[in-house]
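In the order they appear, the protein sequences are chains A and B. Start counting the first sequence at 138; every next residue gets the next number (the working numbering). Start counting the second sequence at 138; every next residue gets the next number (the working numbering).
A couple of the hints might just be wrong.
[To be verified] Straight line, CA to CA, 30 Å or less: simulated DSBU-like cross-link-like pairs of lysine-lysine:
| id | chain 1 | residue 1 | chain 2 | residue 2 |
| --- | --- | --- | --- | --- |
| 1 | A | Lys355 | B | Lys165 |
| 2 | B | Lys214 | B | Lys430 |
| 3 | B | Lys462 | A | Lys469 |
| 4 | B | Lys430 | A | Lys469 |
| 5 | B | Lys214 | A | Lys430 |
| 6 | B | Lys171 | B | Lys462 |
| 7 | B | Lys171 | A | Lys351 |
| 8 | B | Lys351 | A | Lys204 |
| 9 | A | Lys469 | A | Lys304 |
Honestly, the hints are just simulated from the structure, not real lab data.
Each chain is listed here by its residues.
There are 2 protein chains.
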Amino acid sequence: MKYPFVIVGAGLAGLTIAERIANVLNQKVLIIEKRPHIAGNVYDFYNDDGILIQKYGPHTFHTNNKKVYDYLSQFTKWRDYQHRVMSYVNGHYVPFPISIETINQLYNKNLTSEEMFEFIENRKVSIDDVRTSEDVVLSNAGIELYEIFFKNFTIKQWGVSPAELDKTVISRIPFRNNRDTRYFTDIYQGQPLYGYTRMAEAMCDHPNINIMLKTDYKDIINHIEYDNLIYTGPIDYFFDFCYGELRYRSVRMQFETHDLESYQPAPSTRYPNDYDYTRITEFKKLTGQVHSKTTILKEFPCDEGEPYYPFPTEEWKVVAGKYRKKAENEEKSFFLGRLAEYRYYDMDDVVEAALNLFSFLYSIK
Amino acid sequence: MKYPFVIVGAGLAGLTIAERIANVLNQKVLIIEKRPHIAGNVYDFYNDDGILIQKYGPHTFHTNNKKVYDYLSQFTKWRDYQHRVMSYVNGHYVPFPISIETINQLYNKNLTSEEMFEFIENRKVSIDDVRTSEDVVLSNAGIELYEIFFKNFTIKQWGVSPAELDKTVISRIPFRNNRDTRYFTDIYQGQPLYGYTRMAEAMCDHPNINIMLKTDYKDIINHIEYDNLIYTGPIDYFFDFCYGELRYRSVRMQFETHDLESYQPAPSTRYPNDYDYTRITEFKKLTGQVHSKTTILKEFPCDEGEPYYPFPTEEWKVVAGKYRKKAENEEKSFFLGRLAEYRYYDMDDVVEAALNLFSFLYSIK
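In isolation and in its complexed conformation, chain A is listed as follows:
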């Protein structure tokens, strides 16, 4: 078989590249996908009870990148939606990330912005050389808030203490001295009006795009003549694990459908200190679907399973670096996305990276 372009992986990275090649270059593309569906980790579907859920965990689109927003808007209308998260602490749900609202509710106060500034300033721990995630929180919010909101959550999430994690892991500011209780503050926020899978279908709705599902690319790649391979799968698998298997943090997803209109007070709730799950997502609150029942997702972080989060320690950055170095020698192959670059990508960032890679490929045509 002969295709000028072969893409491994039908997630957002692969679909974006495929769409551009098909529409702009007007060339044939073969996408090879291991799973039985397209859309990668943003895949959503209607479950047994007819509720739209996200199989691989919650995704809420947000970006300040107008280019990416406009690009995706070709393939979906949006449900204007601004994500809200509450953290369950000391037996109450309080807004998260920590804002004036959070402090006032937690301590039953009614502080003004100026009073709040002082309240936090007095608690901040002075740290000269901020290196770890623990340092980030302590120096911005103090030990009490660190322990209530971050310490145990991080241990559940990563299996290690924030003191062992690089400062970039807890990147969102741990305290906002205002009353904005949104989880993200990006200009563009929303959910694809009919879901992510529908958006993904629209992205590859072009006769130039052929899609192979349920297929390991290694089973067939040697039988395909191609000019360029865009690889969005795990980089270690591409190189037959020659430097060993990269470590990922995974999540065991436990979906539950309850015979209730509403399950919880926010679309997403965090459980830093209670239970073994880190958070509960209630999908109807993301999608706006009206249904007499509701499906929730409890997330239990674990080591084995789908590779969700590249492990954020130095050790694994080094191994990934070796693979990346090796990848540079692949003349016909380009590595793109969370698994191929071994880095966490938000949706908007990976689409932008794909658009950039396309511009690069196009300029050398």
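Assemble the complex: chain A is given as a structure, and chain B must be docked to it using the hints.
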């Protein structure tokens, strides 16, 4: 690329063969499908309003074939469902097919079975040589019921009068001298509990099965080494239309979502004499879905479009016969299903045909 088995088409015929090859022979199968989804004409999905609809028109499963029922029951639970149809005549909905209930409602009578026998007997037209569909109805139910229920419906459906159609076209008995108002009387009747697409997904949920979507098999078949090709696409296309294009009757599907709990008194209604559509299906009444809105489908038969119904006249049987003759010379290829055999198949019949073909292939292994 090399596959012992290649299957063209991911409808019920192709999926059944693929499943058997993968599970029983434990061999690799490649399914090549032109559409962007599996499941062929039984494909269902949740529409913009979150209502489960059948994209290519209503399908209600019914069979007396326990083997087929048991086979499919491996891949789905069933919603026990017995199909009901009403015909809109003279401004009223009456049960269809015509039963004692229909006659009593239509003529505002309360006839017993014996009285009904006489009522119908007196109306039957004596025809020595029953050849056409018109003959079938006239000789079984008389001219008035023919004109009310069948004549115009058939003209809408096929574009020709029942007098021009073979007697096999109106095959369901036009009158039942009992009070059974079900549309089918088969022992096993139901809908796949989570829809047909879910059942189709389960059928091909085996690592031996690779699926290529959005792909015309002719674009790649010369690059694949295979032992057997099972072809479920249009037979005339396979042979490059060497005897011309076969004629099909198609349907323009008009979906409408109404802000009503219920739209009509039965899952399916027929309009023999009113409007240009032949029938209206209300999907919630098939699936049992609970939703504050309801989606209906109006079917407008037409000539151009998806090839739904092989044209039931002698002329096209002759052309199809030529293609079938030619197909017999294809040593590596087997022709299966509605499009490849140019014959109407109910779902149970095509699954049975696929199981039989598999037995045949398996016996020669």
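Each hint tested on the structure:
Our distance criterion of 30 Å between C-alpha atoms is met by Lys355 of chain A and Lys165 of chain B, whose separation comes to about 15 Å. For the proposed pair Lys214 of chain B and Lys430 of chain B, the alpha carbon gap of about 26 Å is at most 30 Å, so the pair holds. A C-alpha spacing of about 48 Å is found between Lys462 of chain B and Lys469 of chain A, which places the hinted pair above 30 Å, so the restraint is violated. At most 30 Å may separate the alpha-carbon atoms for a hinted pair to count; Lys430 of chain B and Lys469 of chain A exceed this at roughly 52 Å.
Proximity of Lys214 of chain B to Lys430 of chain A is assessed by CA-CA distance (about 21 Å); at most 30 Å being required, the pair is judged to hold. For a cut-off of 30 Å, the pair hint linking Lys171 of chain B to Lys462 of chain B stands: about 25 Å separates their Cα positions. Between Lys171 of chain B and Lys351 of chain A the CA atoms are separated by roughly 16 Å; this keeps the pair inside 30 Å, and the hint holds. For the suggested pair Lys351 of chain B and Lys204 of chain A, the alpha carbons sit about 28 Å apart, so the restraint of at most 30 Å is met.
Restraint check for Lys469 of chain A and Lys304 of chain A: not satisfied, since their Cα atoms lie roughly 36 Å apart, outside the 30 Å limit.
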